[in-house]
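Student: So the protein lines, in turn, are chains A and B.
Everything in the first sequence is counted per this note's numbering, starting at 1 for the first residue and increasing by one.
Everything in the second sequence is counted per this note's numbering, starting at 1001 for the first residue and increasing by one.
These aren't lab readings, by the way, just hints derived from the structure by calculation.
Hints should not be assumed to be uniformly reliable.
Stated by the list, open to error - Residues from chain A that face chain B, not an exhaustive set, calculated with beta carbons under 10 Å:
hint: 1; residue: Arg75
hint: 2; residue: Thr137
hint: 3; residue: Phe160
hint: 4; residue: Ile191
hint: 5; residue: Ile217
Ideal Cβ positions, reconstructed from N, Cα and C, are used throughout, including at glycine.
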Amino acid sequence: MKHGVIAILPLALGAAIYGFAFGLLAAQVGFPWWGVGLMSAAVHAGSSQIVAVEQFASTQTVLGAALAGAALNLRYIGIVASLSDILAGLSLDTKLLAIHITGDENWALTMAERAKSPDVGAAFLIGSGIVMITVWTVSTTAGAVVGAVLPDLERFGLGFAFTAAFIAMARGLWRGRPQILPWMVAAAVTIVVISLGLPKAYAIVAGTVSGLVMSLILRRASGVVA
Amino acid sequence: MSGAHWAMIGILALAAFSIRVLGLIAGGRIRASRNAWVLDDLPGLIVVSLVAASLAGQPLQTWVAAGAALGAAVLTNHVIATMVIGVVAFAGLSVIGQ
């Protein structure tokens, strides 16, 4: 668990910056600081929270805003499903805790590290997840408390740090040439869907599903899957 | 905090957790089926889609920095080293572009 706690720290720093900015936004539309903290701990889904709060601010429609936010989190069906091996053997309580504290960053880091070393498993996922949900909750609450103007940290490349981290994780998950075409299809479909004006979260789901379809076609062609 | 604020937090929390539980149920079923390969392929495809989503519509500078990060990832296979090199490349290109 300690390994996961330490390994996730650079990514947690980046999440803290976005968390702080989200806290400012939520405070502006009437959420008290403790309400922001409660939301972050209970929901633990950055993009969903941001969209839901923005929608709530502009439409004042509770159900529509909440469902629009939740829809952005559909990729977690695939993310949690891919943790099946790691979570096998854990109690139901621990599984439910683990899936709640799983976010993009600690999930991807766990999968990439596991690809290098099979010893990496549930302890790493939970250790890194505890850090991420703690940092997210504290930073969003702090943003709501401070209410100050966030300096433009994006131009220093802090936003790009996440992209670089995901590129490194993709490298860790690289298994060889059979992945080239499915990965290219996933990337291309994601970019095309975004260029059509749809939200990024939907594009990620569309890209992933398209990559899976390509993988299935290749496996059938090679006789691996009937 | 108004009732609407409470309701939004409650509905969003319930919906987000339900999606995760759906993944937990789906994962167990897929692992036991002949489609277990899906669980092997999913992580890479999701991560690649996340990267593509970050780069879509971005200026050339971001794509070049991503290329530098990819080079660092291939050479080092290390997350932090790739982040450092990627951010330095991005910041350097930003300065040059100003």
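Student: Hint numbers the structure violates, sorted upward?
Tutor: 2 and 5
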